[in-house]
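K.L.:
When you get a sec, could you build the whole thing from the sequences and use the hints?
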Amino acid sequence: MKVLNLISKDYILLTNELSKELIFVGIYVSDLLSNVLRQAKPENGLVTTLANMNTIAVASMLDLALVLFCEGKMPSVEMISRANEEGIALISSSKTAVEVILEMHQIDAI
Amino acid sequence: MSYSKHFDIQAGNYDEAGKAASEIKRILKGNHFSKDLIKRVSVASYEAEINIVIHSKGGYADFLLLDDMVLLQFIDFGPGIENIELAMTEGFSTASDLSRLNGFGAGMGLNNIKKSSDEMSIISDPNGTVLKLKFNIFGEDNHESIESN
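From first to last, the protein sequence lines are chains B and R. Quick note: the first sequence, position 16, residue 16 per our numbering, numbers continuous. Take any residue in the second sequence, note its place counting from 1, add 1000, and you have its number in our numbering.
Keep in mind that the hints were calculated from the coordinates and are not lab data. Check each hint, because a few of them may be wrong.
Said to hold, decoys possible - Some residues of chain R that are not near chain B, with every Cβ distance over 12 Å (derived):
#, residue
1, H1032
2, S1045
3, V1053
4, Y1060
5, L1066
6, P1079
7, G1107
8, S1121
9, D1125
10, K1134
11, N1136
Unchecked claim - Which bits of chain R does chain B cover? Going by a derived footprint, with three or more residues having C-beta under 8 Å, they are:
#, stretch
12, 1021–1030
13, 1088–1096
14, 1108–1114
We put the beta carbon where it would ideally sit given N, CA and C, even for glycine.
P.N.:
Here it is as structure tokens:
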């Protein structure tokens, strides 16, 4: 699914316009980066509350297409800038991880 | 073919953590290796680099690309791993609260490294730790998949 199709008042895109066109395939949910490194697959979206530079570094290592920060977590300007450089879309939402997953399932995103 | 690169790794610098692994991945992508090999080397490099950032007094990594293998060594200046067998146990971690806040400390790092590599050796004493990794460029099916548990 295109990142564009997720964006709404509840799912705010933080990266640049180009990132709207990125396509993510499947979702992985975790706040533990070693789990992400082991389980996430290229082009996955990552749903996490972990908003620090290491999250972006791991997303880049694994060629993830999207990082969705839930529970209102916001990345820093530096993180957004790095994500733009790496071609990773960043979205922030006030919803919990479970709510995000349920809504994605409803719109056939996963 | 032979290509080598050296990376210094700073202890405690979470913002810079992953720079060496990121550069190693870039080199491998530039050489058009398989996605599987790139993922395995990237995951092991990242975990090993993070280990030095989190646990050590600082160290370095050496990357060597040969015709049929990728060799990596990560060396730090202490304080060493007290019990390697325990450190290899999934879930065991001595990571600090700061590390956990940064998303680490799951106690899976060394395990992830072992599963990603074709050969791994580790020696450690209070003066430091030497981690050596080998990745076969060909015959990749022989390794245990990182996605299997």
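K.L.:
Are the hints correct? Go through all of them and say.
P.N.:
Hint-by-hint comparison with the structure:
1. H1032: Correct as stated: the minimum Cβ-Cβ distance to chain B is 15 Å, above 12 Å.
2. S1045: violated (8 Å)
3. V1053: violated (9 Å)
4. Y1060: Holds, since 18 Å exceeds 12 Å.
5. L1066: holds (23 Å)
6. P1079: Holds, since 22 Å exceeds 12 Å.
7. G1107: violated (8 Å)
8. S1121: Label holds. Min Cβ-Cβ 21 Å, cutoff 12 Å.
9. D1125: The claim holds: D1125/R sits with its nearest Cβ about 25 Å from chain B, beyond 12 Å.
10. K1134: Correct as stated: the minimum Cβ-Cβ distance to chain B is 19 Å, above 12 Å.
11. N1136: holds (20 Å)
12. 1021–1030: holds (count 3)
13. 1088–1096: violated (count 0)
14. 1108–1114: Satisfied; 3 residues make the cut.
Checked against the numbered hints given earlier, this structure breaks hints 2, 3, 7, 13; the rest are met.
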